[in-house]
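Asker: Below are the chains, spelled out letter by letter.
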Amino acid sequence: MNFAQFTLQEQGVVILAALVLFASFALLAQTRIIACIHAFAWQGALVAAATAMVALVANQHHLYVSALITLALKAVLIPWVLHRIVVKLEITREVETVVNPALVLLAAAALVAFSYYVALPVEKLSTLATRNTIAISMAVVLLGMLIMVTRRQAITQVVGFMSMENGLFFAAVVSTHGMPMVVELGVAFDLLVATVIFGVFFFQIRQSIDSLDVDRLSRLAETSELDEPQEERE
Amino acid sequence: MNALLATLLIPLLGTLLMAAVPRCRIAGWINVAFAAATTLASVVLALEVLRDGPLLSNGKFFYVDAFNVYLLVLTAFVATTTAIFSRPYMDHELALGRVNSRRMRLYHAMYQGFLFTMLLALSTNNLGILWVALEGATLATVLLVSLYRTPESVEAAWKYFILCGVGIAQALFGTVLLYFSAASVLTVPEDGLLWTTLHGIAGQLDPTVMSIAFVFLLVGYGTKVGLVPLHNWLPDAHSEGPTPMSAVLSGLLLNVALYAVVRTKMLVDGALHGVSNTPQLAGYLMMAFGLLSFLVAGLFLHRQRDIKRMFSYSSIEHMGLMTFAFGLGGPLATFAALLHMTMHSLVKSAIFVTVGHATHIAGSQAIDKIRGLIRTQPTVGWGLLLGTAAIAGFPPFGLFVSEFLLLIATMQSWPWLTVALLSGLAIAFAGLFRHIHPMVYGNQPDGQQPVKANMLPVYLHLLLALWFGLAIPAVLAQWFDQATQLIAGQGVL
Chain A
1 MNFAQFTLQE QGVVILAALV LFASFALLAQ TRIIACIHAF AWQGALVAAA TAMVALVANQ
61 HHLYVSALIT LALKAVLIPW VLHRIVVKLE ITREVETVVN PALVLLAAAA LVAFSYYVAL
121 PVEKLSTLAT RNTIAISMAV VLLGMLIMVT RRQAITQVVG FMSMENGLFF AAVVSTHGMP
181 MVVELGVAFD LLVATVIFGV FFFQIRQSID SLDVDRLSRL AETSELDEPQ EERE
Chain B
235 MNALLATLLI PLLGTLLMAA VPRCRIAGWI NVAFAAATTL ASVVLALEVL RDGPLLSNGK
295 FFYVDAFNVY LLVLTAFVAT TTAIFSRPYM DHELALGRVN SRRMRLYHAM YQGFLFTMLL
355 ALSTNNLGIL WVALEGATLA TVLLVSLYRT PESVEAAWKY FILCGVGIAQ ALFGTVLLYF
415 SAASVLTVPE DGLLWTTLHG IAGQLDPTVM SIAFVFLLVG YGTKVGLVPL HNWLPDAHSE
475 GPTPMSAVLS GLLLNVALYA VVRTKMLVDG ALHGVSNTPQ LAGYLMMAFG LLSFLVAGLF
535 LHRQRDIKRM FSYSSIEHMG LMTFAFGLGG PLATFAALLH MTMHSLVKSA IFVTVGHATH
595 IAGSQAIDKI RGLIRTQPTV GWGLLLGTAA IAGFPPFGLF VSEFLLLIAT MQSWPWLTVA
655 LLSGLAIAFA GLFRHIHPMV YGNQPDGQQP VKANMLPVYL HLLLALWFGL AIPAVLAQWF
715 DQATQLIAGQ GVL
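Quick note, the sequences are listed as chains A and B, same order. So for the first sequence, the working numbering puts the first residue at 1; every next one is plus one. So for the second sequence, the working numbering puts the first residue at 235; every next one is plus one.
In isolation and in its complexed conformation, chain A is listed as follows:
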């Protein structure tokens, strides 16, 4: 692709997309929980900005609404709720140890390359100016999964989950100029309910294992059942 042929606004979309991907890497490398939530808020804001830019380039007015919803939900509301929960649970100073951070970042880079490979046939079919960012949105989804795999704290796992959702939304925006409005509203509603339920869960987990380290949730593993008889459940 030839960047020189792009208009200024199209270049803006590409740069914003790159920054969204960069935010994913920041999430992956960040070990402090609060900083993680902040990076997530930044990613939400960047996705919203990119969406608004796409709306400007393609002259799609309904995308402005999507951008506003994203900004409100992903950059303000969800980070704010998570932040409050962290303060309430008194884990603001908590630092998470990631096993083998260098390896995780290398894996992330490999995932990005892989996304470019998978997205090739999709990009060939598209006529939109934003088509080369489809691979980026897919990479954001996969990196979100990687965050969930490598983290053990319930809150950072949720941040990974929401970051994945960012990638999905971004994929819809750049590949097809957004899903139909009714679907987008439905997805946003689901996300909102999910946030509330996650909030409830943090307290339930904390109550049951006195920590948010989900690695300690291991009473139901299939292997332990045979080795040691479980205590009787009433």
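Hints are computed from structural coordinates only; laboratory data are not their basis.
Far from chain A, by Cβ distances over 10 Å, these chain B residues were calculated:
| id | residue |
| --- | --- |
| 1 | P513 |
| 2 | V653 |
| 3 | Q683 |
| 4 | Q712 |
| 5 | G725 |
Here's a subset of chain A near chain B, in silico, CB distances under 10 Å, partners left out:
| id | residue |
| --- | --- |
| 6 | V118 |
| 7 | M179 |
| 8 | I205 |
| 9 | L220 |
Stretch by stretch, here's where chain B covers chain A in the computed footprint (C-beta under 8 Å, at least three residues):
| id | stretch |
| --- | --- |
| 10 | 158-165 |
| 11 | 187-197 |
| 12 | 206-219 |
Cβ coordinates follow ideal geometry from the N, Cα and C atoms, glycine included.
With chain A's structure known, arrange chain B on it following the hints.
Answerer: Leaving out everything else, chain B in the frame of chain A:
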């Protein structure tokens, strides 16, 4: 049309009402009433569709054809009978102090909410809304899995939430790709997620993009179906939640997720037909996943120590079998899969109801602790024995017929796979009966008392399964045949 709206609005109203009214002593009855009204509306809807053919609402938002209308009736019916069971069961749990009245309110509201999301997922014409509704079904049930607030149940619910959330996110990506390939063909891209529109233009969709989309959709919805290796959440969620939830999760939610997979398979088959080297890519993938789930779950049955866990592995096994049958394609296999879906829902929910009573008798879910049911309370003991015989595929129950049809279909097109199927069935049979035998016949512990049990749902379901096994009513057979024509292109009758 009015019947369809009633089918959807009654449970929605139920959700709001149950959530709004605090401390209601007759909430259990109201729950039954709402579910029964939903069933009534869905039956009227089914009769309409049977008479007038497929129903497409104004604005093309809802679409009901032979395939989903019977699932709508089945869903509403099983939800009703489970609600009948749930009333005394949850009262018992309340008396034991495992739940309080606030959680009962949550339970009843979410029961109706879950019913609503499933009916919406089945009746919508928009694949995006289908996704939203399926995610909604997860959200409605996740807090019910952790209803008892034990460490195990919180862990199970967390696993359920995270794994299904991640899984179903893949399905959303697949849906975006689907929309993308439709938007490049259509002049009005807004219609690009409507199933009726997509089905009409399936032949023009880009085969490569559709293949990629199907992989994402299969992994996503397959997580909810409980296909191995994405099944980890399922035994936990089914065993730790309240038993009525296990019954509806196993009997209904898995069906709805499989329904989503089959709908998308029909699109992908259309897109790949005649243009690709592997026109049956979707079918092959489903066959592989299905067979793997079937065999692995059968083996896992042997090492279970918790009765509800054991039966949830049996659900994985049967969902694997259905996925395999739909993947095999062809009229006979599809007919078998549709019949199997119905039979499995009826029998598995009946089993979970019986298991609920059995755990109350024994005071534990551990298989070692449940003994001598047939002496303590013959109705429960016989219910468990007959239910297990039915689920293992004994004649004359309906599951025997569907499994037999599937075996014939397999023998016609993939003779070698019948060996795998038969040995899988034998393994599962052995796994179930080695645990069931001592539970039903063993010596009863001292002081084991019968409980107040309402076995009406169980015997109703088993009777239906028996009836369908001996002679499928003509109306229903025709119905299945119409659905088979939709999915496989031609009928069997």
